[in-house]
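Colleague: Heads up: the protein sequence lines correspond to chains A and B, in order. Quick note on our numbering: the first sequence kicks off at 1 and runs consecutively. Quick note on our numbering: the second sequence kicks off at 1 and runs consecutively.
One or more of the hints may lead you astray.
Facing chain B, a subset of chain A residues (Cβ under 10 Å, in silico) [what the hints assert, rightly or not]:
(1) Ile-5
(2) Ser-8
(3) Arg-20
(4) Leu-22
(5) Ala-30
(6) Arg-33
(7) Asp-37
(8) Gly-39
(9) Phe-40
(10) Pro-42
(11) Gln-63
(12) Arg-99
(13) Ala-102
(14) Ala-118
These are calculated hints, taken from the structure and not from any lab test. Every residue, glycine too, gets a C-beta built ideally from N, C-alpha and C.
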Amino acid sequence: MTDRIEKSIVVAAPVERVWRALTDREEFGAWFRVELDGGFEPGKSTRGRMTYAGYEHLRWEAQVERMDAPRLFSFRWHPYAIDPEVDYSSEPMTLVEFRLEAEGRGTRITVTESGFDALPPHRRTEVLPMNDAGWAHQMRNIAEHVGG
Amino acid sequence: MSAAEPAALFGALGDSTRLALVSRLSGGAARSIASLSADARVSRQAVTKHLRVLEQAGLVRSARTGRETRFALRPEAMAPARDYLDSVAAQWEAALGRLKDLVEGAD
Chain A
1 MTDRIEKSIV VAAPVERVWR ALTDREEFGA WFRVELDGGF EPGKSTRGRM
51 TYAGYEHLRW EAQVERMDAP RLFSFRWHPY AIDPEVDYSS EPMTLVEFRL
101 EAEGRGTRIT VTESGFDALP PHRRTEVLPM NDAGWAHQMR NIAEHVGG
Chain B
1 MSAAEPAALF GALGDSTRLA LVSRLSGGAA RSIASLSADA RVSRQAVTKH
51 LRVLEQAGLV RSARTGRETR FALRPEAMAP ARDYLDSVAA QWEAALGRLK
101 DLVEGAD
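Use the sequences and the hints to build the structure in full.
Modeller: What follows is the structure, given as C-alpha cells:
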C-alpha cells in the first residue's frame, strides 16, 4: 500500500520539446486542459481555470517547486479541488513531479503524485464523482484523438 | 464501523509502525498484541495504540478470546484507497496521452 502514484510514457519527441510542453503555460494548458493567468516560476503560484468540458467553473492553482530544465518540473496542488464554494487553501497539497529522460530517440516522461495520506477524510466525497465523469470523458478524448 | 474513506486509510497507513503492523498481519492470521509487540521496535502500549488507529480506519478488526485480544487484517478495507489511487492514476494516464499527442504532433 502506498500513497504515491507513478505513471510513465515514452513519446517520440526530444526531451527539450517535452520540457517546453510541460513548462510553457499555453502548451501546458492545451494538454492539461487549463487556462493559466501566468507562467510557471519556482516558488511562485500559478492560477487559472479549468477548460475541461463541464468543469470550466473550477479554479486551478499550483505552487511551483522545481524547474530543473530539462529534467524535473514539480508543483504542489490541491488535487481535484472541485467545489468552488470551498476554500482549499488551508488543506495539505499533494506533490506532482514530472521527470524527463532521453530514451532511444524519444523521451520517457514519468509523473508521480504523492502525499495523499495528508488529505482530510472528507475530501473523498468531492473527489470521486469528478474522477468517474472526468475519466470517462478523457477516455473519449483520447479515443477521438488517436483513432481520428 | 462506517465505510472507510481513502484519506482516512492513507492517514492510518502513513506511519511506519502501522505500516509494519499491517505487513505483519498480511499473512492473514489473527495475532495477539503480545505477538505483534514481540517483533516491533516500540512498546506494547504503542503497538496497542497503533492497532486501535488501524481499527478505527477499518483496516483491522479485533476479537477477544478469553483474556487476549487478537487483531486481524481486513484486506477488503483497502479497496476504497486503491480505487481512489486508481482513478487518480487513470487521470494522469489520460493527461499523459494528451501530452504525447501534443509533442508528437506537428509544431
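Colleague: Against the structure, test the hints numbered earlier, and report the numbers of the ones violated in rising order.
Modeller: 7, 8, 9, 10, 11, 12, 13
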